[in-house]
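> The chain contents come next:
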Amino acid sequence: MDRLLDNAPCGYVIFTDEGIIQWMNGTLLGWLGLRSEDVFNKHVEVILTLPSRIFYNTHFFPLLKLQGKAEEIFLQLKTTSNETVPVLVNAERRQESEAWLHHCVILPVHQRQKYEEEILNAKRLAEKAMQENLHLQELKSTLETKSLELERHYRKQFSQNQSLLQFSKIISHDLQEPIHKIQLFADRILTKETVSARTHNDLLKVDRSAERLRQLTRALQQYISIDAETGMTDVNIRDIILEAARQVNEVRKVSGSEYNIVIEDIPVVTGNMTQLTLLFYHLLDNAIQFRDPSRKLVVNVKAVTLDENIYHHSPERYKFTEHARIFFSDNGIGFDMQYRDYIFKILKKISASDPGLGVGLGLIKKIVDNHSGVITVDSVVGQGTTFIITLPKHHTQNSLV
Amino acid sequence: MNKNVIQRNNVKISGSGKQPMLFAHGFGCDQNMWRFVIPAFEKSYRIISFDYVGAGKSDLRAYNSERYSNLNGYAQDVLEICRELELADVVFVGHSVSSMIGVLAAIKEPRYFADLILIGPSPCYINDGEYTGGFERKDIEELLDTMDRNYIGWANFLAPAIMKNADRPELSQELTQSFCSTDPRIAREFAAATFFSDNRQDLLKVTTPSLILQCSEDIIAPLAVGDFLHAHLKNSELKVMKATGHCPHMSHPEETIELMKAYLRERTIHG
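Chains G and E are the protein sequences, given in the same order.
Take 1 as the starting number for the first sequence in my numbering and just add one per residue.
Take 1 as the starting number for the second sequence in my numbering and just add one per residue.
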């Protein structure tokens, strides 16, 4: 029986769970140009070409192990003279005495291979044509819907821009005038008239409120006019953080030695220089305002480059491009994470007694949006706050801004 | 558009422990490949296993060529499962290409992960100058050809699942019986995404501690690759296994389990 199998007109190999060859028949040895002692106790992979070894590991072996058999598997064998033998394999997993063994019957398919190749090529062509056709049809209908959507967006945007423009004008001119007058007349009464102490106090309050109103309108105007800024260049984040620090120090009248900024390696990002400077201005300003008086403020800025999907609002679209994720951390007083979305709204403050106008973070969010980025925040009360800003590294014609 | 992630990825949860252990299968298979390993951890961990979209019993309608032609798309599957189940402190166990998928996920959202266990990982399969990945481009192209030949008899070769309306459960059932991976086009795209990927630059960005399980005589991830990974992954431990081949969790489950347990024990002690 063994002799019959040894000379049978098909290849036969038996290997263990570990892939170690236990027996190979003469026919297969002949095809490969090997002797029995060459393969005994060797790994069955040695008779396969490199690509077939991958397929053995990723498909053939898992299939045998998990399903107990594999049928009509195409593999390429390698002969000692480095020729390849295309074969079909049927294999079964059997328990014999204690061990599991895999029995494989192997048939060369030289002729069939040529035929299959032609079929495959024809199939590939047909498939490709069909795919392309399908793809084109899909694209056509998507394009149509998107054009209409774009038109609607454009119209809406246009009318919004018109309103914003008017609004901006009102804030910068029409509103300034009455505020100015309130302050002017309050001052005049305070300096020229003799009034009771109570009226004096009230007038001081009027003056302060008018001053606050003036600052608020200016902040609002800045918020609205951010969109008008265009023009993208390569921005060295380190440089603009240092510039922002210089500006903050001047406005806040703090000296650079009152806090430490540690800036680690940060990749160059394409963006709007003015806006990004403003972004870091407000981040730093925020860190200074909410520093913990019991310790020196330390701001740490670091970044990691990663691939993120550039599409945020098109659920079925994916294009992974390089992004810089910047971590801006301080050791300030921190805040309760229940406010994490709230703080990014314009003119919102967690507590009315907080310093500042509540403009900064709203502005930051808007600038990040303008750069097709994402901003999130992590904070622990008493330990500090980390703002995480993810920005696309490059803005090309194919990207969004 | 957030389809139910649990159904989409055929997520299975078992085990009576608290800390999550997330098993991610490699190319060419599905979560079934973990069945020799999972029982050993069910007592101490909350076990989560799943099929990537396109594999096993996942929802083929959710397959998206744009998304899944990039390993970042697969990493998104992992992160979406973590988010959906509100996981934290995850022990991520990835086989083969899932190792790099886990690496990408851990760079994006380190807060989910406590440890990465990488079985037969490789950051780049193709040789490149001094770097030995083990393969030339033409080897990978031949692999794609071998795959095509093994899918030749399949009736749906011309009716890919990428067409959203191809909702034919009887077909996918027939396919999973003959192969773990389902649709030939998907398998081909996964193969290309896997074997043409190059994540060498990403390794240095990983902060999560990791265990590299390196098989001796693994054609897909040779010893030199394991050394490269160990040198570039901070806080990594490299164990060269007695096991040969590329699937130690199937061929040598005992040794795999033992090494995983030893590493996790060490981590709880010196955490």
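Hints were generated in silico from the structure; no laboratory data involved.
Fair warning: there could be bad hints in the mix.
As the list claims (entries may be wrong) - In silico DSS-like pairs for lysine-lysine, Cα to Cα no more than 30 Å straight-line:
1. E/138 / G/114
2. E/138 / G/78
3. G/42 / E/43
4. G/365 / E/205
5. G/366 / E/205
6. E/138 / G/123
7. E/12 / G/42
8. G/123 / E/57
9. G/319 / E/57
10. E/205 / G/128
11. G/393 / E/205
12. E/57 / G/69
13. G/42 / E/57
14. G/69 / E/12
15. G/393 / E/234
16. E/234 / G/69
17. E/242 / G/319
18. E/234 / G/302
Fair warning: this is a prediction, and the values are worked out from it, not measured in the lab.
> None of the hints should be skipped; say for each whether it holds.
Each hint tested on the structure:
Pair hint residue 138 of chain E plus residue 114 of chain G holds up; C-alpha atoms about 20 Å apart against a cutoff of 30 Å. In summary, the hint linking residue 138 of chain E to residue 78 of chain G is supported, as the alpha carbons are separated by about 16 Å, within the 30 Å threshold. Taking the CA atoms of residue 42 of chain G and residue 43 of chain E, the gap is about 38 Å. The hint is violated against a cut of 30 Å. Our distance criterion of 30 Å between C-alpha atoms is met by residue 365 of chain G and residue 205 of chain E, whose separation comes to about 26 Å.
Restraint check: the Cα-Cα separation between residue 366 of chain G and residue 205 of chain E comes to about 29 Å, which is no more than 30 Å; the hinted pair holds. Simply put, residue 138 of chain E and residue 123 of chain G have alpha-carbon atoms about 21 Å apart, close enough for the 30 Å limit, and the pair holds. Distance hint between residue 12 of chain E and residue 42 of chain G is unfulfilled; the C-alpha atoms sit about 38 Å from each other, more than 30 Å. The suggested pairing of residue 123 of chain G with residue 57 of chain E holds, with an alpha-carbon distance near 26 Å, which does not exceed 30 Å.
A hinted pair counts as satisfied when its Cα atoms are at most 30 Å apart, and residue 319 of chain G with residue 57 of chain E qualifies at roughly 26 Å. Between residue 205 of chain E and residue 128 of chain G the CA atoms are separated by roughly 39 Å; this puts the pair beyond 30 Å, and the hint is violated. A hinted pair counts as satisfied when its Cα atoms are at most 30 Å apart, and residue 393 of chain G with residue 205 of chain E qualifies at roughly 17 Å. About 20 Å separates the Cα atoms of residue 57 of chain E and residue 69 of chain G, which keeps this hinted pair within 30 Å; it holds.
The suggested pairing of residue 42 of chain G with residue 57 of chain E is violated, with an alpha-carbon distance near 36 Å, which exceeds 30 Å. A distance of roughly 26 Å separates the Cα atoms of residue 69 of chain G and residue 12 of chain E; the hinted pair therefore holds under the 30 Å criterion. As the CA atoms of residue 393 of chain G and residue 234 of chain E are separated by approximately 25 Å, the hinted pair is consistent with the 30 Å bound. For the proposed pair residue 234 of chain E and residue 69 of chain G, the alpha carbon gap of about 41 Å is over 30 Å, so the pair is violated.
Among the hinted pairs, residue 242 of chain E with residue 319 of chain G is inconsistent with the structure: their alpha-carbon atoms are about 41 Å apart, more than 30 Å. Among the hinted pairs, residue 234 of chain E with residue 302 of chain G is consistent with the structure: their alpha-carbon atoms are about 18 Å apart, no more than 30 Å.
Checked against the numbered hints given earlier, this structure breaks hints 3, 7, 10, 13, 16 and 17; the rest are met.
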